[in-house]
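Visitor: Spelled out, the chains give:
2 protein chains.
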Amino acid sequence: MHLRLAFIGFGNVARAFARILHLRESKLAERYDLRFSITAIATARHGCIISKDGIELLKAVACVESGGSLTELRDAIDVRDSATLIERCNADLVFETTPLNPDNGEPAITHIRSALTRGIHVVTANKGPIAFAYRELESLASLHGAAFRFEGIVMDGTPIFNLVDSCLPGARVLGFSGVLNSTTNLILTGMEAGQSFEECLADAQRRGIAEADAANDIDGWDAAVKAVALANVLMDSDSRPADVDRKGIRGIKVEDLKSAATAGMALRLVARGKQTTNGVKLTVAPEEVSASSVLGSVRGTSNALVLETDLMGEIAIVETDPGVEQTAYALLSDLIRIRVRRDS
Amino acid sequence: MHLRLAFIGFGNVARAFARILHLRESKLAERYDLRFSITAIATARHGCIISKDGIELLKAVACVESGGSLTELRDAIDVRDSATLIERCNADLVFETTPLNPDNGEPAITHIRSALTRGIHVVTANKGPIAFAYRELESLASLHGAAFRFEGIVMDGTPIFNLVDSCLPGARVLGFSGVLNSTTNLILTGMEAGQSFEECLADAQRRGIAEADAANDIDGWDAAVKAVALANVLMDSDSRPADVDRKGIRGIKVEDLKSAATAGMALRLVARGKQTTNGVKLTVAPEEVSASSVLGSVRGTSNALVLETDLMGEIAIVETDPGVEQTAYALLSDLIRIRVRRDS
Numbered sequence: 059m060h061l062r063l064a065f066i067g068f069g070n071v072a073r074a075f076a077r078i079l080h081l082r083e084s085k086l087a088e089r090y091d092l093r094f095s096i097t098a099i100a101t102a103r104h105g106c107i108i109s110k111d112g113i114e115l116l117k118a119v120a121c122v123e124s125g126g127s128l129t130e131l132r133d134a135i136d137v138r139d140s141a142t143l144i145e146r147c148n149a150d151l152v153f154e155t156t157p158l159n160p161d162n163g164e165p166a167i168t169h170i171r172s173a174l175t176r177g178i179h180v181v182t183a184n185k186g187p188i189a190f191a192y193r194e195l196e197s198l199a200s201l202h203g204a205a206f207r208f209e210g211i212v213m214d215g216t217p218i219f220n221l222v223d224s225c226l227p228g229a230r231v232l233g234f235s236g237v238l239n240s241t242t243n244l245i246l247t248g249m250e251a252g253q254s255f256e257e258c259l260a261d262a263q264r265r266g267i268a269e270a271d272a273a274n275d276i277d278g279w280d281a282a283v284k285a286v287a288l289a290n291v292l293m294d295s296d297s298r299p300a301d302v303d304r305k306g307i308r309g310i311k312v313e314d315l316k317s318a319a320t321a322g323m324a325l326r327l328v329a330r331g332k333q334t335t336n337g338v339k340l341t342v343a344p345e346e347v348s349a350s351s352v353l354g355s356v357r358g359t360s361n362a363l364v365l366e367t368d369l370m371g372e373i374a375i376v377e378t379d380p381g382v383e384q385t386a387y388a389l390l391s392d393l394i395r396i397r398v399r400r401d402s
Numbered sequence: 059m060h061l062r063l064a065f066i067g068f069g070n071v072a073r074a075f076a077r078i079l080h081l082r083e084s085k086l087a088e089r090y091d092l093r094f095s096i097t098a099i100a101t102a103r104h105g106c107i108i109s110k111d112g113i114e115l116l117k118a119v120a121c122v123e124s125g126g127s128l129t130e131l132r133d134a135i136d137v138r139d140s141a142t143l144i145e146r147c148n149a150d151l152v153f154e155t156t157p158l159n160p161d162n163g164e165p166a167i168t169h170i171r172s173a174l175t176r177g178i179h180v181v182t183a184n185k186g187p188i189a190f191a192y193r194e195l196e197s198l199a200s201l202h203g204a205a206f207r208f209e210g211i212v213m214d215g216t217p218i219f220n221l222v223d224s225c226l227p228g229a230r231v232l233g234f235s236g237v238l239n240s241t242t243n244l245i246l247t248g249m250e251a252g253q254s255f256e257e258c259l260a261d262a263q264r265r266g267i268a269e270a271d272a273a274n275d276i277d278g279w280d281a282a283v284k285a286v287a288l289a290n291v292l293m294d295s296d297s298r299p300a301d302v303d304r305k306g307i308r309g310i311k312v313e314d315l316k317s318a319a320t321a322g323m324a325l326r327l328v329a330r331g332k333q334t335t336n337g338v339k340l341t342v343a344p345e346e347v348s349a350s351s352v353l354g355s356v357r358g359t360s361n362a363l364v365l366e367t368d369l370m371g372e373i374a375i376v377e378t379d380p381g382v383e384q385t386a387y388a389l390l391s392d393l394i395r396i397r398v399r400r401d402s
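From first to last, the protein sequence lines are chains A and B. First residue of the first sequence? That's 59 in this note's numbering, and the numbers climb one at a time after it. First residue of the second sequence? That's 59 in this note's numbering, and the numbers climb one at a time after it.
One chain only, chain A, in its complex shape:
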């Protein structure tokens, strides 16, 4: 099987994925009979191009990383914007990796809607569309016979959505609790070690984990968007980020963490979802958890999600020290999943 692939967004995650695709090209052909060509790449600052003969991935990566324009690549047709690109890309599958817009999930939702309506499979690493338009996009995908996958939106490539879908069949998710935001966890665990909030935040920014404006992380907004995505997909909810009872980590002091530690506890920013008679209740707030619990064991940029189910009781999944490669792996795992499912 040969798939024509298009990229909407070609930032760190997409380029790390492009490198994996290149490295694994022969393995993918051999193990999954999956061959591919790249028909289009849309970027915000390096042009939007389509190509009839296929774009050489590593040349595109090098072009963007050296600050060039993709329109300089051989046989590149300049299509100006991503909307036109989706119309004309003639792809079988689009990777949508534009940055999160935490207010309304755009323009990613428009990109995905446009692709799915054309029967193009979509793999996204952007949680906005799942938090703001999951039901609509899922229906569209189903209507047009396209796949719509998004493993990477909550815990990078750690299996969550695919885990519940493929490995917990017949079981129902009744609730969840998770440490899902790397910036706040890096800050809280740094403060446990005695650093100040400001030092920890600056460190997270230096390491490229927190943005210059880290309010989305610190005020619990990122964790809230992830909680909504989990509730919408795993618990059949139709929530929006504004529905989350949300409290961030501002105002927490080193002394709070020290006194918690003395009592064998740890402070974590915990996202929770619970099935109630009035639908799914979602909260994000700093909580004292046992230092020797799964959530307490999560330090630095690591993440954990505890799922409470009817038939399988409680299970947890933990991701240790993720980097951009893990998010890139999410795109690969969704690509292979689509390949395997469409084959059979």
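Keep in mind that the hints were calculated from the coordinates and are not lab data. Quick reminder that beta carbons are idealized off the backbone N, C-alpha and C, glycines included. Some hints could be false.
What the hints assert, rightly or not - Sample of chain A residues with no beta-carbon within 10 Å of chain B, all distances over it, derived:
#1 G177
#2 A300
#3 A324
#4 N336
#5 G358
#6 E377
#7 R395
Unchecked claim - Quick list of in silico lysine-lysine cross-link-like pairs, BS3-like style, CA-CA up to 30 Å:
#8 B/K110 / B/K85
#9 A/K85 / B/K110
#10 B/K85 / A/K339
Stated by the list, open to error - DEER-style ranges, computed between Cβ atoms:
#11 B/E194 / A/A141: 55 to 65 Å
#12 B/L232 / A/N162: 40 to 50 Å
#13 B/K332 / A/R400: 32 to 42 Å
#14 B/L232 / A/D111: 30 to 40 Å
#15 A/T129 / B/E88: 17 to 27 Å
#16 A/A141 / B/G337: 27 to 37 Å
#17 B/V312 / A/S197: 51 to 61 Å
#18 B/S95 / A/G112: 49 to 59 Å
#19 B/D296 / A/L201: 15 to 25 Å
#20 B/E196 / A/H60: 47 to 57 Å
Following the hints, complete the assembly by docking chain B onto the known chain A.
Guide: Leaving out everything else, chain B in the frame of chain A:
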């Protein structure tokens, strides 16, 4: 789709599964278009029967639990032994749940071989066949177009084999570490709380977690068999339990646990596998791990497995306080998996 099911072994796990099957009968039909009838049940002490009209599951459960013989059920044909039963059961799928024979995996291997050779799908909760004959049985299954699944053999219904197979495609498992034996973990965490080894063991036996002769658990044999199963399936090894460098928990004293705790550490019986240039190296031994690590966070009968992979880095999966229902769920999840895969 209608599947004819047979049970080889009808102990606690199989009967808990039978209850779930009965409760979920209409859901399985509705959600997975999966209908079933029971064509045969083999037990060690309550007879081996086949039935042309289908066995009523709850009547079979009640019969065995009241100490009766299955041959008393309506339309039951007495077939004497499990070998004859597999030959004559006319089933599409066999659930093999006979007890583990840690020396050679028999008679489960013979049961499974006989079923697969006839093209009958097999779901087992018995780790012996995977530790002693995985390659042979997997080839047989493939040769005869039958499915062979065994999710429950390491951490009950917690996804491990299905997780790697379905949710970590394209990634390679380089190593693992796990707390995989409930009896020893219950003993070690009980000793952490100041109880003696003997008190903890007696408690585990009272609760039905440890057998009267708990040597298989205490000497690390059960954990070793699980480590071999993981290596054979996930790391393409062809190991046997005797290949494991194995040390149990005898001789550990309450003082050892106390001094570890003082240093922020916890003693756990850890099973490890590592890809080396000479194949997979397997060990089972008590280890001091950080009390606030994932393995340290596992207390009582809970289990955890950390997987080290090439593309996805390190992820861990944790099962909290499993009971027989969780092992029974493993059988259900394998059944649904076979149904879904065979459909597509």
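Visitor: Work down the list of hints and note, for each, if the structure agrees.
Guide: Hints, one by one, checked against the model:
1. With 10 Å as the threshold on Cβ separation, the claim that A/G177 sits away from chain B holds: the shortest Cβ distance comes to roughly 19 Å.
2. No Cβ of chain B approaches the Cβ of A/A300 within 10 Å, the least distance being about 31 Å, so the stated non-interface status holds.
3. The Cβ of A/A324 does not lie farther than 10 Å from every Cβ of chain B; its closest approach is about 8 Å, which violates its non-interface assignment.
4. At roughly 24 Å, the least C-beta separation between A/N336 and chain B is larger than 10 Å, which holds for a residue marked as non-interface.
5. Interface exclusion of A/G358 from chain B stands, the closest Cβ pair being 12 Å apart, more than 10 Å.
6. Remark: the non-interface label on A/E377 conflicts with the geometry, its nearest Cβ contact in chain B lying 5 Å away (cut-off 10 Å).
7. With a minimum CB-CB distance of about 6 Å to chain B, A/R395 fails to clear the 10 Å threshold, and the non-interface call is violated.
8. This hinted pair checks out: B/K110 and B/K85 have alpha carbons roughly 25 Å apart, not beyond 30 Å.
9. Restraint check for A/K85 and B/K110: not satisfied, since their Cα atoms lie roughly 48 Å apart, outside the 30 Å limit.
10. Distance restraint check for B/K85 and A/K339: the Cα-Cα separation of roughly 26 Å lies within the 30 Å cut-off, and the hinted pair is therefore satisfied.
11. At roughly 57 Å, the beta-carbon separation of B/E194 and A/A141 lies within the given 55 to 65 Å, and the hint holds.
12. About 42 Å separates the C-beta atoms of B/L232 and A/N162, a value consistent with the hinted range of 40 to 50 Å.
13. For the pair B/K332 and A/R400, the supplied restraint of 32 to 42 Å holds, since their beta-carbon distance comes to about 36 Å.
14. The supplied range of 30 to 40 Å is met by B/L232 and A/D111, whose beta-carbon atoms lie about 38 Å from each other.
15. In this structure, A/T129 and B/E88 break the distance hint of 17 to 27 Å, their C-beta atoms being roughly 53 Å apart.
16. The hint said 27 to 37 Å for the Cβ distance between A/A141 and B/G337, and at roughly 54 Å that hint is violated.
17. The hinted range of 51 to 61 Å is satisfied by B/V312 and A/S197, whose Cβ atoms lie roughly 60 Å apart.
18. Range check, B/S95 to A/G112: about 53 Å between beta-carbon atoms, so the 49 to 59 Å window is met.
19. For B/D296 paired with A/L201, a C-beta distance near 48 Å fails the hint of 15 to 25 Å.
20. A C-beta distance of roughly 30 Å is found between B/E196 and A/H60, which places it outside the suggested range of 47 to 57 Å.
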